[in-house]
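Listed in order, the protein sequences are those of chains H and F. At position 23 of the first sequence the residue is numbered 23 (our numbering), and the sequence of numbers has no breaks. Count along the second sequence from 1, add 104, and you get the number used in our numbering.
I should point out that these hints are in silico values taken from the structure, not numbers from a laboratory. Treat the hints with care, as some may be off.
As the list claims (entries may be wrong) - Chain F stretches covered by chain H per the calculated footprint, using a threshold of three residues with CB under 8 Å from any CB of chain H:
{"no.": "1", "region": "139 to 151"}
{"no.": "2", "region": "176 to 182"}
{"no.": "3", "region": "229 to 238"}
Claimed, not checked - Some chain F residues judged to face chain H by a derived CB distance under 10 Å, without partners named:
{"no.": "4", "residue": "R124"}
{"no.": "5", "residue": "L135"}
{"no.": "6", "residue": "F251"}
{"no.": "7", "residue": "A280"}
{"no.": "8", "residue": "R283"}
{"no.": "9", "residue": "Y289"}
{"no.": "10", "residue": "F308"}
Owing to the predicted nature of the structure, the values given are computational and were not obtained by experimental measurement. Ideal Cβ placement from N, Cα and C applies to all residues, glycine included.
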Amino acid sequence: MKAHVVSGHVVPVGVYVAVFAALLVLTALTTTAAFHDLGPLNNVVALGIAVLKATLVVLFFMHVRYGTRLIPLVVAAGLFWLVILIALSLTDYLTRGWLGVPGR
Amino acid sequence: MSTDARALMAHHFDSPAQQREAASLGMWVFLVTEIMFFGGLFLAYVVYRLSFPHAFAAASHELDIVLGTTNTAVLIASSLTMALAVRSAQQGRRLPLVAYLVLTMALGSVFLGIKTYEYHHKFVEGLIPGPGFSFPGPEAQHAQMFFCLYFAMTGLHALHMIIGLGVLAVMLVMGARGRFGPHYYNPIECSGLYWHFVDIVWIFLFPLLYLVGRHG
Chain H
1 MKAHVVSGHV VPVGVYVAVF AALLVLTALT TTAAFHDLGP LNNVVALGIA
51 VLKATLVVLF FMHVRYGTRL IPLVVAAGLF WLVILIALSL TDYLTRGWLG
101 VPGR
Chain F
105 MSTDARALMA HHFDSPAQQR EAASLGMWVF LVTEIMFFGG LFLAYVVYRL
155 SFPHAFAAAS HELDIVLGTT NTAVLIASSL TMALAVRSAQ QGRRLPLVAY
205 LVLTMALGSV FLGIKTYEYH HKFVEGLIPG PGFSFPGPEA QHAQMFFCLY
255 FAMTGLHALH MIIGLGVLAV MLVMGARGRF GPHYYNPIEC SGLYWHFVDI
305 VWIFLFPLLY LVGRHG
């Protein structure tokens with residue numbers, strides 16, 4: 001068996017440092033953006049940057065990019081369930097006032 | 105395959121690589137349950153924020169954005185040192201491994217220290233939900249809900265940090281004893297996954313709690 005198969009993928013230090021730098025830049029960006037009035041886009045920018053940062057951490061720091069495709073599948077399934085939790089709950093909360101039901 | 109690698113491999117695996125993937129997979133399944141665990145709190149946050157957007161913006165202003173941003177950077181730095189610790193373990197370099205683990209634990213402690221200072225400040229200002237809660241304006245009740253969620257979410261996150269520090273302490277002992285090398289580093293790889301997950305939770309908590317309605 002070849003050595004690299006036994007020992008797993010060793011990511012170059014430069015990749016980790018680059019991801020770290022990108023995460024710091026994105027943190028500065030999200031804080032700066034929060035002080036500008038972008039209307040509803042404020043939330044989109046804040047969450048978009050958070051998702052981007054999380055993706056960087058998952059792909060590089062958590063080695064999902066370097067493993068087999070089984071791990072990404074499990075991660076995606078977990079996120080899919082989180083989306084179900086939030087989206088289906090909001091179909092309730094966001095539509096409660098629509099019909100003018102007495103007591104609401 | 106060296107005898108070292110075979111000795112550290114459980115008999116029901118074909119290869120160390122398969123054993124390693126099984127360990128990572130198991131850790132990820134646990135982390136998915138953690139996503140759902142925090143997910144309930146995130147859902148509660150979304151529902152209440154949609155209900156009381158102005159109160160949440162006003163209450164968010166009470167949080168210290170400098171401390172929040174600093175803590176975000178501290179935690180990201182701890183994720184870098186954690187990744188480098190795992191890398192050192194992969195290469196079987198004992199001294200850098202110990203150094204990076206100590207650094208990771210130090211940065212984690214700095215995060216918790218800043219968090220403690222923030223909690224204390226909230227206590228002094230009367231922003232702890234309960235009978236002593238005081239908030240100016242007509243929406244005090246709704247602002248109180250923001251602080252309920254703030255303490256529940258950051259508290260649960262801090263608890264995960266404390267557990268993470270405990271896990272890293274065990275890794276430090278194992279690492280110092282030379283238990284990790286190119287053939288076997290599953291425990292520290294899984295500890296790293298946990299540490300990075302806790303970092304990701306904060307990556308979402310920071311904009312949701314500290315950055316609401318900062319403009320205007």
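TODO: So, F308 of chain F near chain H? Judge it on the closest CB pair being under 10 Å.
DONE: holds, 5 Å
TODO: Mind checking the CB of R283 of chain F against every CB in chain H and telling me if the closest is under 10 Å?
DONE: violated, 15 Å
TODO: Go through the hint on A280 of chain F and say holds or violated, using the shortest Cβ distance to chain H against 10 Å.
DONE: violated, 21 Å
Open item on the list: Does the closest beta carbon of chain H sit nearer than 10 Å to the beta carbon of Y289 of chain F?
Closed with: holds, 8 Å
Open item on the list: Checking hints one by one. Is R124 of chain F an interface residue toward chain H, by the C-beta closer than 10 Å rule?
Closed with: holds, 6 Å
- [ ] Would you check whether L135 of chain F satisfies its interface hint, that is, whether its CB is within less than 10 Å of any CB in chain H?
- [x] holds, 7 Å
- [ ] Can you take a look at whether the region 176 to 182 of chain F is actually covered by chain H? Rule is 3+ residues, C-beta closer than 8 Å.
- [x] Since three or more residues must qualify, the claim that chain H covers the region 176 to 182 of chain F holds, with 4 doing so at under 8 Å.
- [ ] Quick one: see if chain H covers the region 229 to 238 of chain F, three-plus residues with Cβ-Cβ under 8 Å.
- [x] violated (count 0)
Open item on the list: Is the coverage entry for the region 139 to 151 of chain F by chain H consistent with the three-residue Cβ rule at 8 Å?
Closed with: holds (count 8)
Open item on the list: Hint F251 of chain F vs chain H: min CB-CB distance below 10 Å?
Closed with: violated, 19 Å
The earlier numbered hints that this structure contradicts are 3, 6, 7, 8.
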